[in-house]
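Residue numbering for the sequence shown follows the numbering used here, beginning at 1 and increasing consecutively.
By construction, these hints were calculated from the structure, which means they are not laboratory data. Being a predicted model, the structure only gives us computed values, none of them experimental. From the three backbone atoms N, C-alpha and C, an ideal C-beta is built for every residue, glycine too. Any given hint might turn out to be false.
[Unchecked claim] Below, simulated DSS-like cross-link-like pairs (lysine-lysine); rule was C-alpha separation at most 27 Å, straight line:
no., residue 1, residue 2
1, 134, 152
2, 129, 251
3, 129, 247
4, 247, 152
5, 129, 152
6, 129, 95
7, 81, 91
8, 140, 251
9, 152, 251
10, 172, 140
11, 152, 172
12, 140, 247
13, 172, 95
[To be verified] Pairwise CB distance ranges (calculated):
no., residue 1, residue 2, range
14, 99, 256, 58 to 64 Å
15, 106, 313, 45 to 51 Å
16, 109, 54, 51 to 57 Å
17, 109, 251, 30 to 36 Å
18, 77, 49, 14 to 20 Å
19, 99, 139, 53 to 59 Å
20, 104, 164, 28 to 34 Å
21, 248, 88, 34 to 40 Å
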Amino acid sequence: MCRTMGPLKNDSGLLRVGGRLRNSPIPRNQKHPMIIPTNHNFTYIVINHFHILYFHTGAEATLANIRDSFWIPSARNVVRKILRTCITCRKVSAKGSPQLMADLPATRVTACRFFSQVGIDYCGPFQLKTFSGKCRQIRKVYVCVFICFTVKAIHLEIVSDLTTETFLAAFKWFVARRGRPSEIHSDNGRNFVGANNELRKILKALFKGKMEEIIDFLSKEQIKGNFNPPSAPHFGGQWEAGVRSLKYHLKRVIANSILSHEEFLTLVVQIEAVLDSRPIYPLSNDPNDVETLTHAHFLVGSSLVAVPDPDYTEISMNRLSRWQLVQRMNQHFWRK
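Put together the whole structure using the sequences plus the hints.
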């Protein structure tokens, strides 16, 4: 310490840091801070004083303020040690006990055919443009999200409204492509807490008085319907995560653009392929692992890779057709 700091002894017998700044115009305490021992009650008092004086700053900020007047060997460690004993900071930054998670339901741990047990939710509304003669009109559509409980694969269907008839039509489209499920899980129309106000009102109107019609349809199809209890949105965590994943991609690709129905359908189907091609487990550093296991491997035996398109990102947007513009938006998203 003597070699690195070149300590000076003043008339009071206190040691100060030496150095080569003796002729500088900066204040004396900052130029030659007082050396105090690492483990001493006075040192602890000094650290607490500066910590409280500057409104409970962190370790680095407290140390920087102390250095203007005092020099403490191994200061960073002792400052962190003292700050950990600050009762005020401990109260403010206290962490609650970890939540005790319940057992997974039988539908999540029972092996069965893919899309045999599914969760259903809505996402939207999204604005699309339609043309009636020379007039352009804006209409709203929604996306019906189906989540497979077995491998977490996603199936998406676009619906024009939230009527019971449209829901049953979307469900028939799903059955025609993925097979008939044995059990479905969904909110009951009264607890769409995560939806916006407009969607919540429409869904309440949809299911109010129409639940019997939906249950009757499911009974005829020999499908068991499970609807979450009111005020319990955490029961639908799996399909809420699917809705969040869909919105994640849509917001980044569409932004403020308004697409036509065909363009939006193409984009939604491509996002479905992207979500089903996500890796199920962390990637390995083994060079022999040439392919990553995805949800799509359980559906079609390989990752869902679309037909490659030409690179449109370097072409001016005013030279692209609407189809090419949608592909350019998708390519731009993947380059981010």
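Pair hint residue 152 and residue 251, alpha-carbon separation not exceeding 27 Å: 22 Å, holds
- prompt: Taking the CB of residue 248 and the CB of residue 88, does the distance hold inside 34 to 40 Å?
  reply: 39 Å, holds
- request: Measure nothing beyond the straight line between the CA atoms of residue 129 and residue 95; if it is 27 Å or shorter, mark the hint as holding.
  value: 49 Å, violated
field: Proposed proximity, residue 140 with residue 172 (alpha carbon, max 27 Å)
entry: 21 Å, holds
- prompt: Does the alpha-carbon distance linking residue 129 and residue 247 stay inside the 27 Å limit?
  reply: Holds: residue 129 and residue 247 sit about 19 Å apart, inside 27 Å.
task: Verify the proposed pairing of residue 152 with residue 172, using a straight-line Cα cut of 27 Å.
output: 20 Å, holds
- prompt: Within 28 to 34 Å or not, the Cβ separation of residue 104 and residue 164?
  reply: Holds - the Cβ-Cβ distance for residue 104 and residue 164, about 31 Å, lies within 28 to 34 Å.
query: Is 30 to 36 Å right for how far apart the beta carbons of residue 109 and residue 251 are?
result: Holds, since residue 109 and residue 251 (Cβ atoms, about 33 Å apart) stay within the stated range.
- prompt: Taking only the CA atoms, is the gap from residue 247 to residue 152 under or equal to 27 Å?
  reply: Roughly 17 Å between the alpha carbons, so the hint for residue 247 and residue 152 holds.
- prompt: Are the Cα atoms of residue 140 and residue 247 separated by 27 Å or less?
  reply: Holds - the C-alpha atoms of residue 247 and residue 140 are around 16 Å apart, at most 27 Å.
- prompt: Does the structure keep residue 140 and residue 251 at a Cα separation of 27 Å or less?
  reply: It holds: about 16 Å lies between the C-alpha atoms, which stays within 27 Å.
- request: Quickly compare the C-alpha distance for residue 129 and residue 152 to 27 Å and report which way the hint goes.
  value: Distance of about 32 Å is beyond 27 Å: violated.
Checked against the numbered hints given earlier, this structure breaks hints 1, 5, 6, 13, 14, 19; the rest are met.
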